[in-house]
Amino acid sequence: MRIPRDAKFPPCLIAEAIGQLAGWIAIEHSQWRLRPVAGLVGECVIAAVPAAGDRVELAVEMDTCDDDAVAYSGSASIDGQPFVTLERCGAPMLALGDFDDPDAMKSRFALLRSATAPVEFAAPLNEAVELHNVAGADSARCSIVTPADASFYADHFPRKPVFPATLLLDAEIRLAVLALKNRHGGRMPATRAIRITDLKLRTFIAPGTAVALSAGLRDSDTSSVSFALDAHVDNKRIASAGLTFQWL
Amino acid sequence: MSSAPLITHDEVSAVYPKVASAIADALAREVDECQLGSRIIDDLGAESIDLLDIVFRLERGFKIKIPRNRIASDARGDLPESEFEHKGVVTAAGRQRLQEYLSEVPPESFPATLRVDDIPRLFTVETFCKVVARALAEQAATA
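Read top to bottom, the protein sequences are chains A and B. Sequential numbering from 1 applies to the first sequence in the numbering used here. Sequential numbering from 1 applies to the second sequence in the numbering used here.
Be careful, since some hints might not be right.
Claimed, not checked - To be clear about the criterion: a stretch of chain A counts as covered by chain B if any three or more of its residues have a C-beta under 8 Å from a C-beta of chain B, and this derived list gives those stretches: (1) 50-59; (2) 190-204.
Said to hold, decoys possible - As a list, the in silico DMTMM-like pairs of lysine to aspartate or glutamate whose alpha-carbon atoms are at most 25 Å apart: (3) 160/A x 47/B; (4) 63/B x 170/A; (5) 87/B x 66/A; (6) 65/B x 117/B.
To be verified - From the structure, some residues in chain A lie toward chain B, with a derived Cβ separation under 8 Å: (7) 39; (8) 66; (9) 88; (10) 90; (11) 134; (12) 137.
No lab work stands behind these hints: they were computed from the structure. Glycine included, every Cβ here is placed at the ideal spot set by N, Cα and C.
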């Protein structure tokens, strides 16, 4: 894939792209009957933010791929240097037809594997959701409302619009960054890497859903700071993760 | 006809600490809360994604493979699937096999009508200990 030149590109989308690659492998393996829908990420490390125009190579290693679930790890590299790694990822396999047209998916996959596959992104990426009612210092809270209508629902998914977990995670990270800026006089300290651990997504988030986010400070020392991230809908936890910023 | 070989108390005890730790980590619980008799769903609050998480953690922790429907297939043993369940409901014969296999689950925990989809609701920490012990024994036997 190539990083687009004219839009913001949250680094979480790189991790999403690795997951999508695993997804395609699993879908083809199931003979276009099933697809994985995101559930678990053991660890994701983001060590750099790609620059516009960078060519990124994605790689995936499938540990398990059957009709019930997939387990995989993966990476994204520039010039052979990994800058995003995913470990211990897993997802249940669900009926492909509930989310996509299997024939359309098959055609698209054939195109992606062909020499004529487009490299550039076509859809705009500047669609981070706004954080509302941001409060708290070390433990920050806010709310978001998933868009009722957005371009990314067309792909995610054609038959069942679901707010992407990547964008939920992006919102949580932005909330944690706000909390850190509060601690550091409005500045964000220089970061060597971001590490996300034990990310778990419990349910689909529909368009137009109000989600309460929190980023609770867990540990802090001279080399890193960690948060516990949570997302709730109607007081029910729908996602959680650990987030660590490693300082330069 | 029979289901899978029984697992001894010693075999359960041998794997329990690591199984309890994996379950505690998956469910963000204290290890103390994950007693052998703790029901994964009703006592510890697990959801379907958590069951997947637990299985993955056990596979990595013990270096074993746990097929996704292992418990049901082990309980069924050589009983044909068509005799184990009918239209998503466990038959009387299937129920007997399940009760024998899930010997750690009190009989009164089995509802009068048990849907196949609700079998995981019966699982306890000990259930997963037995799955792990069985997988380890099979691995040792084929080594």
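Could you tell me which of the hints above the structure violates, numbers in ascending order? Failing hints, ascending: 1, 4, 11, 12.
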